[in-house]
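A.B. asks: Residues per chain, in single letters:
Number of protein chains: 2
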Amino acid sequence: MRDVSIVGIGQTAVGEHWDLSVRHLAGQAVLAAMEDVGIERVDSLYIGNMISGETAGQEHLGALVADFVGLRGIEAFRVEAACGSGAAALRVGYMAVASGLADLVMVAGVEKMTDAVGNSVTAALGAAADADYEMPHGLSFVSINALLMRRYMYEFDVKHDDFAELSINAHRNAVTNPNAMFHNRVTREQFVNARMIADPINLLDSSPVADGAAAVILCPSERASEYSDHPVRIRACTVGTDSLALHDRRDPLFLEAAYISSQKAYATVGIKAEDIDFFELHDAFTIMSALSLEAAGFARRGQATQLAKEGVIGLNGDLPISTMGGLKGRGHPVGATGMYQIVESALQVTGRAGPNQVPNARLGMAQNIGGSGATIITTILEAHS
Amino acid sequence: MRDVSIVGIGQTAVGEHWDLSVRHLAGQAVLAAMEDVGIERVDSLYIGNMISGETAGQEHLGALVADFVGLRGIEAFRVEAACGSGAAALRVGYMAVASGLADLVMVAGVEKMTDAVGNSVTAALGAAADADYEMPHGLSFVSINALLMRRYMYEFDVKHDDFAELSINAHRNAVTNPNAMFHNRVTREQFVNARMIADPINLLDSSPVADGAAAVILCPSERASEYSDHPVRIRACTVGTDSLALHDRRDPLFLEAAYISSQKAYATVGIKAEDIDFFELHDAFTIMSALSLEAAGFARRGQATQLAKEGVIGLNGDLPISTMGGLKGRGHPVGATGMYQIVESALQVTGRAGPNQVPNARLGMAQNIGGSGATIITTILEAHS
Numbered sequence: 045m046r047d048v049s050i051v052g053i054g055q056t057a058v059g060e061h062w063d064l065s066v067r068h069l070a071g072q073a074v075l076a077a078m079e080d081v082g083i084e085r086v087d088s089l090y091i092g093n094m095i096s097g098e099t100a101g102q103e104h105l106g107a108l109v110a111d112f113v114g115l116r117g118i119e120a121f122r123v124e125a126a127c128g129s130g131a132a133a134l135r136v137g138y139m140a141v142a143s144g145l146a147d148l149v150m151v152a153g154v155e156k157m158t159d160a161v162g163n164s165v166t167a168a169l170g171a172a173a174d175a176d177y178e179m180p181h182g183l184s185f186v187s188i189n190a191l192l193m194r195r196y197m198y199e200f201d202v203k204h205d206d207f208a209e210l211s212i213n214a215h216r217n218a219v220t221n222p223n224a225m226f227h228n229r230v231t232r233e234q235f236v237n238a239r240m241i242a243d244p245i246n247l248l249d250s251s252p253v254a255d256g257a258a259a260v261i262l263c264p265s266e267r268a269s270e271y272s273d274h275p276v277r278i279r280a281c282t283v284g285t286d287s288l289a290l291h292d293r294r295d296p297l298f299l300e301a302a303y304i305s306s307q308k309a310y311a312t313v314g315i316k317a318e319d320i321d322f323f324e325l326h327d328a329f330t331i332m333s334a335l336s337l338e339a340a341g342f343a344r345r346g347q348a349t350q351l352a353k354e355g356v357i358g359l360n361g362d363l364p365i366s367t368m369g370g371l372k373g374r375g376h377p378v379g380a381t382g383m384y385q386i387v388e389s390a391l392q393v394t395g396r397a398g399p400n401q402v403p404n405a406r407l408g409m410a411q412n413i414g415g416s417g418a419t420i421i422t423t424i425l426e427a428h429s
Numbered sequence: 045m046r047d048v049s050i051v052g053i054g055q056t057a058v059g060e061h062w063d064l065s066v067r068h069l070a071g072q073a074v075l076a077a078m079e080d081v082g083i084e085r086v087d088s089l090y091i092g093n094m095i096s097g098e099t100a101g102q103e104h105l106g107a108l109v110a111d112f113v114g115l116r117g118i119e120a121f122r123v124e125a126a127c128g129s130g131a132a133a134l135r136v137g138y139m140a141v142a143s144g145l146a147d148l149v150m151v152a153g154v155e156k157m158t159d160a161v162g163n164s165v166t167a168a169l170g171a172a173a174d175a176d177y178e179m180p181h182g183l184s185f186v187s188i189n190a191l192l193m194r195r196y197m198y199e200f201d202v203k204h205d206d207f208a209e210l211s212i213n214a215h216r217n218a219v220t221n222p223n224a225m226f227h228n229r230v231t232r233e234q235f236v237n238a239r240m241i242a243d244p245i246n247l248l249d250s251s252p253v254a255d256g257a258a259a260v261i262l263c264p265s266e267r268a269s270e271y272s273d274h275p276v277r278i279r280a281c282t283v284g285t286d287s288l289a290l291h292d293r294r295d296p297l298f299l300e301a302a303y304i305s306s307q308k309a310y311a312t313v314g315i316k317a318e319d320i321d322f323f324e325l326h327d328a329f330t331i332m333s334a335l336s337l338e339a340a341g342f343a344r345r346g347q348a349t350q351l352a353k354e355g356v357i358g359l360n361g362d363l364p365i366s367t368m369g370g371l372k373g374r375g376h377p378v379g380a381t382g383m384y385q386i387v388e389s390a391l392q393v394t395g396r397a398g399p400n401q402v403p404n405a406r407l408g409m410a411q412n413i414g415g416s417g418a419t420i421i422t423t424i425l426e427a428h429s
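Line by line, the protein sequences give chains A and B. Its first residue numbered 45, the first sequence is counted upward by one per residue in the working numbering. Its first residue numbered 45, the second sequence is counted upward by one per residue in the working numbering.
Do not take every clue at face value.
A pair counts as met if it fits within one copy or between any two copies, since identical chains are not told apart.
Listed below are the simulated SDA-like cross-link pairs for lysine to any residue, each with C-alpha atoms no more than 25 Å apart in a straight line [stated by the list, open to error]:
1. 308 x 117
2. 316 x 63
3. 308 x 45
4. 308 x 144
For the record, the hints were derived by calculation from the structure and aren't laboratory data.
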């Protein structure tokens, strides 16, 4: 099996791109990645996307994007694992290079959430949950997370205010990320008084609906220096799953798929959680940040918000999270999010994160979550030494 | 890179399963494949599916099916390339085993087309085509194929009747396939007089909307004998692409993605088209059979229907096609079709196709088409010697 590295990255600014369709968004990221490497051809293209079928009536994004960027003919298809689609596509690209079946592979995540011409975005996002046993009861994807947050607050005697720092930290880091959707700081007072979305989740607990695309180019590590001055090794890219429906889980407040996926990743690299220098977690909602920190082994059960309050999660803390703004501040174009996390982590481990740089970031971990935790993909990145 | 073999198969009968949802269909095929091998665990599960998001509001089938069949926790996600989703998932499973990242991999294709609770099936299938430049003109997926058929008839001076044998052959073979949707023979007279769907495509040119699921278990070839008495080597599994929109193609009557994908497959195995013993082609419409036979190198341009009339395509002919009924007779549950082709081809090359057996079938080729030809995946199978 070949060792795999990232040799190029590309991303579009996250936001409301009313003038761009899904192919344009993906195209921008893909072409930026090719320009980053200085190549005009790759062997294959894997696209992570969740809801283009529902919102734009457009499946079949692999061939569509390949053709749009001038790569007509190459191997291409789409990978989907709800909001975990981006990193699931990375997993496929990783396998393609690791196997020796391909030498230069493009992986892109893309989502177009504004301007839905088919189903509403809210309905489309519900397809991440159990369509037979959860959604018919009138749940939305936000309200599923609200159930989790309410139960967490009850079980662990945590107040809503206790989640504030998770949102404040993400927004603080987004200010200096030019590709982030939001550049406004959030205060504790704003957090507490934000408009309610689905009790207890308020506006500042929630990541925004957004458009965006991000891409990387992979190649065998032994050839990485031919293509890049700052290649990044994929030390692990592992997948864990759980039931889609909350009510089927052993313990809804423990993200078992995150535990499985993290433990697999740590074992692959031969490290422990404490060896990780920063953690790009999937903060679709503040409750998801808390559950991720606990399941991945960074905080004890019920203690994640305490960790956040102690300043550990800031750029200069022991475990920086959401270093470029996270889903909350950078924005959460669902099928693209996993690839934004990878692009941002690659910038961090190569010391190119500018004002957002985590000091001495060597080993970075990104974790992309599909649904309320049914598919979780953990990727550990390290710069070439 | 490791050589990869199929060691187990499973399939549900194709038909209208009003009492089964997408998870039940997939579950039946997956459990049948596990029973075939006599195992209760695999390392990962890749699901090919096209329209579950649109018709059932259910994305995220990887984790859903893994959980449903008792495999909660394992790596799982979905792969999509329109009607080519089944074989695209096989490609991912192939890479997983070839790379050494997994030893036992389940690949399943599933589609639930009856009982759509969201978009209509017709609208959902349109997502295989170009949503910005084809569908807004009022096209359906059938009418896109009708444009191809009309143009083919004009360019090559072929009459509608000339396509009859393609439909007759498929139905003839479906009669003795217990998993086929249709068990009625079709006469030339019935073909000629069948109800018009989208001129010149009539009912007997068209494969039916159906429910179904099919699955295989993969492992490294060197360990195949531990799991199966009739293992099948995947000699090649290759992907080619083209533009989604017909008007963007160099020549709409030449399936360039089929040409690319077939040539890659032949080169991988080191053979020519004439070495293939049977060809499970993607006869969603009779025109697609003709275009496939030509692009894959079995007939000259405009000559495919002539080939069919000469009896070449029958079970005892030089190039049997649709040997278990094809999409026309077995049925075309879109995201599952590619995996039905693989299951049927595996039965053929191991001499287990019963009354449908192609004599001395050694090298079999299956070709799964996404859209009107934008993604085409070619798989060449051979029994272990």
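A.B. asks: At most 25 Å between CA atoms: does that hold for residue 316 and residue 63 within a copy, between copies, both, or neither?
C.D. replies: Neither: 45 Å inside a copy, 48 Å across copies.
A.B. asks: When no copy is named, should residue 308 and residue 144 be tagged within, between, both, or neither for a Cα gap of at most 25 Å?
C.D. replies: both (23 Å within a copy, 15 Å between copies)
A.B. asks: How would you classify residue 308 and residue 45 at a CA-CA limit of 25 Å: within, between, both, or neither?
C.D. replies: Classified as both: same-chain Cα gap 17 Å, cross-chain 22 Å, threshold 25 Å.
A.B. asks: At 25 Å max between alpha carbons, let me know whether residue 308 reaches residue 117 within a copy, between copies, both or neither.
C.D. replies: Answer is between; shortest inter-copy Cα gap is 11 Å, intra-copy 35 Å.
The structure fails hint 2 only (numbered hints given earlier).
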